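Please take these sequences and the hints and turn them into a complete structure.
Take a look at the letters that make up each chain.
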Amino acid sequence: DGGITQSPKYLFRKEGQNVTLSCEQNLNHDAMYWYRQDPGQGLRLIYYSQIVNDFQKGDIAEGYSVSREKKESFPLTVTSAQKNPTAFYLCASRQIRQGARGQPQHFGDGTRLSIL
Amino acid sequence: SQQGEEDPQALSIQEGENATMNCSYKTSINNLQWYRQNSGRGLVHLILIRSNEREKHSGRLRVTLDTSKKSSSLLITASRAADTASYFCATDESNFGNEKLTFGTGTRLTIIP
Chain Y
162 DGGITQSPKY
172 LFRKEGQNVT
182 LSCEQNLNHD
192 AMYWYRQDPG
202 QGLRLIYYSQ
212 IVNDFQKGDI
222 AEGYSVSREK
232 KESFPLTVTS
242 AQKNPTAFYL
252 CASRQIRQGA
262 RGQPQHFGDG
272 TRLSIL
Chain P
680 SQQGEEDPQA
690 LSIQEGENAT
700 MNCSYKTSIN
710 NLQWYRQNSG
720 RGLVHLILIR
730 SNEREKHSGR
740 LRVTLDTSKK
750 SSSLLITASR
760 AADTASYFCA
770 TDESNFGNEK
780 LTFGTGTRLT
790 IIP
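So the sequences go chain by chain: Y and P.
Everything in the first sequence is counted per this note's numbering, starting at 162 for the first residue and increasing by one.
Everything in the second sequence is counted per this note's numbering, starting at 680 for the first residue and increasing by one.
Keep in mind the hints are simulated off the structure, nothing from the lab.
Predicted model only: the values in this text are computed from it and were never measured.
Certain hints may be false.
To be verified - Pairs of lysine-lysine residues, derived as DSS-like cross-links and limited to a Cα-Cα distance of at most 30 Å, are as follows:
hint : chain 1 : residue 1 : chain 2 : residue 2
1    : Y       : K218      : Y       : K231
2    : Y       : K218      : Y       : K170
3    : Y       : K232      : P       : K779
4    : P       : K779      : Y       : K244
5    : Y       : K244      : Y       : K218
6    : Y       : K170      : P       : K779
7    : Y       : K232      : Y       : K218
8    : P       : K779      : P       : K705
9    : P       : K705      : P       : K748
10   : P       : K749      : P       : K735
11   : Y       : K170      : Y       : K244
12   : P       : K749      : P       : K779
13   : P       : K779      : Y       : K231
14   : Y       : K244      : Y       : K175
15   : Y       : K218      : P       : K779
16   : P       : K748      : P       : K779
17   : P       : K735      : P       : K748
18   : Y       : K231      : Y       : K170
19   : P       : K749      : Y       : K218
20   : P       : K705      : Y       : K218
21   : Y       : K175      : Y       : K218
Shown next as structure tokens:
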């Protein structure tokens with residue numbers, strides 16, 4: 162089945178530690194996105210990528226980093242500079258090729274990150 | 680930044696009743712999308728309405744869009760317990776080079792059996 166896989170489902174971070182969240186898609190989508198969701202809140206965009214080896218900051222990029230070395234993969238690193246990382250992290254992908262405008266985003270099932 | 684603001688923030692209704700939730704936004708859009716999120720899961724796309732459309736139906740869902748008021752509504756008819764979830768609107772202001780959605784704050788819908 163085509164879809165987006167996020168791993169791990171739960172992750173714990175110690176003080177001063179960097180952690181990496183995985184996101185893989187087999188939908189052949191061009192664009193991929195990382196969102197942060199705090200309890201009872203909407204989604205805030207962290208980073209997004211529209212093409213391999215290129216990405217743009219979203220609204221809350223500080224303390225996070227990403228890479229896009231392959232079309233299928235868009236890992237998110239939560240660095241020690243992110244002082245309040247406890248949240249639910251969602252990855253999404255979307256087709257944006259010309260002729261496929263206005264397509265919906267497809268989401269993974271999220272990673273819940275907590276501080277030890 | 681949050682483009683869409685949903686209203687109400689929370690809604691509880693009896694099974695079988697209709698549920699209506701509203702979304703307001705601030706800038707010009709290409710389309711507006713509604714998503715559903717079950718607790719602890721990712722979002723699932725429900726319906727998309729383009730800026731030149733005024734109403735769209737999909738099963739028990741009816742979406743309206745009023746671009747002059749910058750608002751949209753989602754109506755779920757004949758609600759079921761399985762409709763219990765959070766619902767988000769998302770505005771698409773994409774242009775080539777800036778392909779992203781902006782999500783609202785969501786409405787938590789509880790259907791009482």
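Taking the hints in turn, this is what the structure says about them:
1. Our distance criterion of 30 Å between C-alpha atoms is met by K218 of chain Y and K231 of chain Y, whose separation comes to about 18 Å.
2. A C-alpha spacing of about 24 Å is found between K218 of chain Y and K170 of chain Y, which places the hinted pair at or below 30 Å, so the restraint holds.
3. A threshold of 30 Å between alpha carbons decides the hint, and for K232 of chain Y with K779 of chain P the separation of about 17 Å falls inside it, so the pair holds.
4. A hinted pair counts as satisfied when its Cα atoms are at most 30 Å apart, and K779 of chain P with K244 of chain Y qualifies at roughly 26 Å.
5. Taking the CA atoms of K244 of chain Y and K218 of chain Y, the gap is near 18 Å; set against the 30 Å cutoff, the hint holds.
6. Restraint check for K170 of chain Y and K779 of chain P: satisfied, since their Cα atoms lie roughly 25 Å apart, inside the 30 Å limit.
7. Note on K232 of chain Y and K218 of chain Y: the hinted pairing holds, with a Cα-Cα distance of about 18 Å set against a maximum of 30 Å.
8. A hinted pair counts as satisfied when its Cα atoms are at most 30 Å apart, and K779 of chain P with K705 of chain P qualifies at roughly 16 Å.
9. Taking the CA atoms of K705 of chain P and K748 of chain P, the gap is about 9 Å. The hint holds against a cut of 30 Å.
10. For the suggested pair K749 of chain P and K735 of chain P, the alpha carbons sit about 16 Å apart, so the restraint of at most 30 Å is met.
11. Among the hinted pairs, K170 of chain Y with K244 of chain Y is consistent with the structure: their alpha-carbon atoms are about 21 Å apart, no more than 30 Å.
12. Straight-line distance between C-alpha atoms of K749 of chain P and K779 of chain P comes to about 19 Å, which keeps the hinted pair within the 30 Å bound.
13. Of the pairs offered as hints, the one joining K779 of chain P and K231 of chain Y holds, with about 20 Å between alpha carbons and a cut-off of 30 Å not exceeded.
14. Distance check on the hinted pair: K244 of chain Y and K175 of chain Y sit about 11 Å apart at the alpha-carbon level, within 30 Å; holds.
15. Between K218 of chain Y and K779 of chain P, the direct Cα distance comes to roughly 11 Å. Compliance with the 30 Å bound is thereby established for this hinted pair.
16. Pair hint K748 of chain P plus K779 of chain P holds up; C-alpha atoms about 22 Å apart against a cutoff of 30 Å.
17. Only pairs whose Cα atoms come within 30 Å are accepted, and K735 of chain P paired with K748 of chain P is accepted, the gap being roughly 17 Å.
18. A hinted pair counts as satisfied when its Cα atoms are at most 30 Å apart, and K231 of chain Y with K170 of chain Y qualifies at roughly 22 Å.
19. With a C-alpha separation of about 27 Å, the suggested pair K749 of chain P and K218 of chain Y falls inside the 30 Å cut-off, and the hint holds.
20. In summary, the hint linking K705 of chain P to K218 of chain Y is supported, as the alpha carbons are separated by about 21 Å, within the 30 Å threshold.
21. Restraint check for K175 of chain Y and K218 of chain Y: satisfied, since their Cα atoms lie roughly 25 Å apart, inside the 30 Å limit.
Every hint, counting from the list given before, is met by this structure.
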